[in-house]
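Enquirer: All chains, full assembly: derive it from the sequences and hints.
Numbering-wise, the sequence shown is residues 5 to 487 according to our numbering.
Just to be clear, a hint being listed does not mean it is correct.
Below, a list of computed lysine-lysine pairs in the BS3-like style, where the Cα atoms sit at most 30 Å apart [said to hold, decoys possible]:
no.	residue 1	residue 2
1	Lys104	Lys58
2	Lys126	Lys74
3	Lys179	Lys220
4	Lys204	Lys72
5	Lys224	Lys274
6	Lys44	Lys126
7	Lys88	Lys104
8	Lys337	Lys363
9	Lys72	Lys88
10	Lys69	Lys404
11	Lys91	Lys74
12	Lys329	Lys444
13	Lys403	Lys444
14	Lys88	Lys58
15	Lys204	Lys308
16	Lys58	Lys126
17	Lys298	Lys171
18	Lys72	Lys403
19	Lys220	Lys44
20	Lys104	Lys74
21	Lys220	Lys91
22	Lys220	Lys74
23	Lys44	Lys179
24	Lys64	Lys51
25	Lys126	Lys72
26	Lys64	Lys104
27	Lys104	Lys91
28	Lys88	Lys126
29	Lys88	Lys111
30	Lys88	Lys64
31	Lys298	Lys91
Quick list of simulated restraints, FRET-style, between CB atoms [claimed, not checked]:
no.	residue 1	residue 2	range
32	Lys64	Lys204	39 to 47 Å
33	Val400	Gln320	25 to 33 Å
34	Ser9	Gln297	49 to 57 Å
35	Gln342	Lys308	15 to 23 Å
36	Asp432	Gly221	36 to 44 Å
37	Ser313	Val400	26 to 34 Å
Bear in mind the hints are in silico, worked out from the structure with no lab data behind them.
We put the CB at the ideal spot given by N, CA and C, even for glycine.
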Amino acid sequence: MLFSSSLQRINLTDSEQINDSTLELLGVSHCQPVSFTLHKCPLVTNKGIELLSKLSFFIKMEYLKLSKLKGLEGSEGFQRVGSKSVKQLVLTGCSGLRDKGLIDIIKRCTSVCELDLSENHKLTDESIINVSQTLGGNLREISCNELSNLTNASTMALATYCHCVVKANFEGCVKLDGSGLIQMAENCLLEELNISFCYKLQPLTVDTLVSTLNAKGPLKSIDLMAISFGDFTVEFISSCHSLSHLFTAGVSMNDNDFDTLCRSLGSTLKQLDISGCPLLTDSSCTSIAQQLQKIEFIGMRNMKDISGSSLMELFQNQSRADNIKYVAFSGSKDIDVQVIESIARNCHNIETLLLAGLKGITDDVAFLLSDNCPQLTHCSLRNCSLTDIGVSRLAVHCKKLVMLALAGIHQLTDLSIHALANNCPYLDEIHLSGCALITKQALAFLSDTVICSLWINHNVPNAPPGLLMAKDLDTGKYQRVDN
5 MLFSSSLQRI NLTDSEQIND STLELLGVSH CQPVSFTLHK CPLVTNKGIE LLSKLSFFIK
65 MEYLKLSKLK GLEGSEGFQR VGSKSVKQLV LTGCSGLRDK GLIDIIKRCT SVCELDLSEN
125 HKLTDESIIN VSQTLGGNLR EISCNELSNL TNASTMALAT YCHCVVKANF EGCVKLDGSG
185 LIQMAENCLL EELNISFCYK LQPLTVDTLV STLNAKGPLK SIDLMAISFG DFTVEFISSC
245 HSLSHLFTAG VSMNDNDFDT LCRSLGSTLK QLDISGCPLL TDSSCTSIAQ QLQKIEFIGM
305 RNMKDISGSS LMELFQNQSR ADNIKYVAFS GSKDIDVQVI ESIARNCHNI ETLLLAGLKG
365 ITDDVAFLLS DNCPQLTHCS LRNCSLTDIG VSRLAVHCKK LVMLALAGIH QLTDLSIHAL
425 ANNCPYLDEI HLSGCALITK QALAFLSDTV ICSLWINHNV PNAPPGLLMA KDLDTGKYQR
485 VDN
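Expert: Next up, the structure:
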């Protein structure tokens with residue numbers, strides 16, 4: 005028997021070997037897992053899901069995830085998927101999933117508390133209305149990210165039937181004009197709301213929504229990226245004294261408004277993203293450094309004419325620097341390299357550092373990161389001035405790396421890849437486009453050595469034909485041997 009009947013947790017991820025026959029074998033094993041994940045398995049179709057659900061596979065399941073399954077189409081085969089025991093249901097990125105398929109699943113999963121339907125682009129209001137009526141007061145969290153067909157009918161249904169919702173994500177739901185969202189703010193227990201890129205929201209609606217959310221209860225998190233602020237939006241946000249997460253990327257907010265926010269939220273705000281805000285200057289960095297005493301997450305990508313020098317006050321304060329987990333400066337080309345060096349020297353717990361396209365990022369920064377940032381998992385150094393020496397040093401000391409972006413660094417060779425292969429077993433994503441001296445053979449070796457299935461982006465139209473690198477046994481360096 006391929007599968008044991010005693011399996012409790014099953015995770016089938018990113019594999020072209022998993023197909024409908026595999027799921028049939030899993031179904032007839034008579035296992036009754038409490039957790040099941042099926043993610044990025046392109047050969048799985050509706051038939052496989054139907055075969056899996058013929059017996060009692062789902063009867064004890066509490067967590068069910070079906071994600072990025074390209075083979076799922078239409079609405080057939082889902083009639084027996086799930087059970088009343090399912091509390092967390094994740095159905096994301098299944099672009100062929102239709103309303104009837106989701107409704108069939110929800111009919112069986114009537115106790116779901118957390119529901120993620122992101123990036124199922126063919127779902128419509130029919131799905132969300134049915135979800136609302138079926139789950140009712142059980143539903144506490146819902147994500148409808150990028151469901152571009154949804155209208156106010158969906159949010160009105162949630163406001164009518166799901167009064168216990170505390171977290172909702174409608175990012176990219178471009179047809180929402182806000183009336184249903186205001187009803188949700190009045191009727192539900194919302195503490196976390198994402199309405200980024202909901203372009204139909206008018207400034208006055210945003211004012212009313214934020215005011216209602218704050219009056220109803222403690223608002224802890226709000227995402228307003230690319231939203232037009234009303235005359236009083238900043239004032240209403242400033243009065244949200246429990247707010248710990250604020251994303252306002254792309255918003256036309258000036259330095260005075262931003263300073264008002266920082267002064268009001270300084271004791272609670274931990275996560276902030278102001279990327280691409282066109283009116284902000286270096287004064288915004290001063291507000292962050294002086295006011296946000298608990299900040300852990302700073303997003304400042306694509307900021308023009310900002311050096312960030314005043315952030316040195318934050319990064320040189322060791323107790324505050326130790327709180328920093330995430331910094332994104334990618335595309336902010338005028339950031340002072342001394343600020344980056346201060347981060348690399350003092351932020352010992354940083355996990356994500358995104359520096360794509362910044363001037364002055366050399367091996368010296370890589371050396372500082374390798375010496376001081378052992379928790380680093382995600383790092384973007386695209387188009388920076390690194391060499392194999394810096395990348396190799398980073399690989400040796402930052403062994404927890406999961407994502408590394410080195411695209412556009414033309415001088416890198418297979419030496420960097422071998423260093424990563426020998427030291428970074430958890431790597432699952434690497435960007436190397438334009439790195440013409442890195443060979444397919446080295447990348448195949450890297451893929452074979454890491455634990456996870458490795459996603460590689462290596463487009464090299466500038467590569468010399470027949471490129472082959474090999475190690476010189478006398479010098480220990482990698483050199484071209486094809487010419």
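Enquirer: Mind listing which of the numbered hints don't hold for this structure, in increasing order?
Expert: Checked against the structure, the hints that fail are numbers 12, 19, 22, 31, while the rest are satisfied.
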